[in-house]
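Asks: Read off the chains here:
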Amino acid sequence: DAGVIQSPRHEVTEMGQEVTLRCKPISGHDYLFWYRQTMMRGLELLIYFNNNVPIDDSGMPEDRFSAKMPNASFSTLKIQPSEPRDSAVYFCASSPNQGRGGETQYFGPGTRLLVL
Amino acid sequence: AQSVSQHNHHVILSEAASLELGCNYSYGGTVNLFWYVQYPGQHLQLLLKYFSGDPLVKGIKGFEAEFIKSKFSFNLRKPSVQWSDTAEYFCAVSITGGGNKLTFGTGTQLKVEL
Numbered sequence: 001d002a003g004v005i006q007s008p009r010h011e012v013t014e015m016g017q018e019v020t021l022r023c024k025p026i027s028g029h030d031y032l033f034w035y036r037q038t039m040m041r042g043l044e045l046l047i048y049f050n051n052n053v054p055i056d057d058s059g060m061p062e063d064r065f066s067a068k069m070p071n072a073s074f075s076t077l078k079i080q081p082s083e084p085r086d087s088a089v090y091f092c093a094s095s096p097n098q099g100r101g102g103e104t105q106y107f108g109p110g111t112r113l114l115v116l
Numbered sequence: 001a002q003s004v005s006q007h008n009h010h011v012i013l014s015e016a017a018s019l020e021l022g023c024n025y026s027y028g029g030t031v032n033l034f035w036y037v038q039y040p041g042q043h044l045q046l047l048l049k050y051f052s053g054d055p056l057v058k059g060i061k062g063f064e065a066e067f068i069k070s071k072f073s074f075n076l077r078k079p080s081v082q083w084s085d086t087a088e089y090f091c092a093v094s095i096t097g098g099g100n101k102l103t104f105g106t107g108t109q110l111k112v113e114l
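Top line first, the protein sequences correspond to chains A and B. Counting in this note's numbering, the first sequence runs from 1 upward without gaps. Counting in this note's numbering, the second sequence runs from 1 upward without gaps.
If we strip away everything but chain A, and leave its shape as in the complex, we get (with noise of 0.2 Å):
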């Protein structure tokens, strides 16, 4: 298995641009996470997805992010209008459900974002 893919690896653009981040799981895998990583905040979980399903966004900074899933197998998550604050590197997770608990989580590569 290819393990996580996400694109772009590297992203810079400019205050005020749209910014999409995409994310293909692990085939077979229930879970799908959105993660936000910077010196200042360590790595804050933003949302993720059960069966496609967002469960919890609770991490999302505010309206200017948004994320989907519209099928198994491809997320994205969107900036609009990205702000410099928003530069650090974002990851994408997936993991079975395997009922047992303790399911553990894969990463991606990260898309490392710097919004000039």
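In case anyone wonders, no lab produced these hints; they're calculated from the structure. On a predicted model such as this, the values are computed, not experimentally measured, just so you know. Glycine included, each C-beta is placed from N, C-alpha and C at the ideal position. Heads up, some of the hints might be wrong.
[What the hints assert, rightly or not] Within a straight-line C-alpha distance of at most 25 Å, the following computed SDA-like cross-link-like pairs (lysine to any residue) qualify:
(1) B:69 <-> A:104
(2) A:24 <-> B:41
(3) B:49 <-> A:41
[Stated by the list, open to error] The following residues of chain A were derived to be distant from chain B, with all beta-carbon distances above 12 Å:
(4) 20
(5) 68
(6) 73
(7) 80
(8) 87
Using the hints provided, position chain B relative to the given structure of chain A.
Replies: For chain B alone, coordinates are given in the frame of chain A:
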């Protein structure tokens, strides 16, 4: 809500030194505990995890961690570190029945010097 504390933010060790990184969590119910590692420029990878059974968990690359329920702790240990262990280490917790949602600590940056 649960939270995770990692008290050591930066640790510098010489090769062959022993390592112990502290992790404490706050939650009164049943938890699952994880240590992830992020090597420079790479994504997070699982080192080890505890969800039931023996509280002493062994992971990859010679790492181990012990779950001490009475202390709400899950400290990571390695008897002899190598230069290649230089990385950032994250402790995380999920609640059993909580939908696999992980709460991460702030991370510990480990630098191993030759």
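Asks: Are the hints correct? Go through all of them and say.
Replies: Comparing the hints with the structure gives:
Between residue 69 of chain B and residue 104 of chain A, the direct Cα distance comes to roughly 21 Å. Compliance with the 25 Å bound is thereby established for this hinted pair. Between residue 24 of chain A and residue 41 of chain B the alpha-carbon distance is near 20 Å, which keeps this suggested pair within the 25 Å criterion. Under the criterion of a C-alpha separation no larger than 25 Å, the hint pairing residue 49 of chain B with residue 41 of chain A is consistent with the structure, at around 24 Å. Its beta-carbon lying about 20 Å from the closest one in chain B, residue 20 of chain A satisfies the requirement of being farther than 12 Å from that chain.
Taking the minimum C-beta to C-beta distance to chain B, about 19 Å, the non-interface status of residue 68 of chain A holds against the 12 Å cut. At the 12 Å boundary, the C-beta of residue 73 of chain A stays outside the reach of chain B, the nearest C-beta of that chain being 18 Å off. With a minimum CB-CB distance of about 26 Å to chain B, residue 80 of chain A clears the 12 Å threshold, and the non-interface call stands. No beta-carbon of chain B is positioned within 12 Å of the beta-carbon of residue 87 of chain A; the least distance is around 17 Å.
Going down the numbered hints, you'll see the structure goes against none, and every one checks out.
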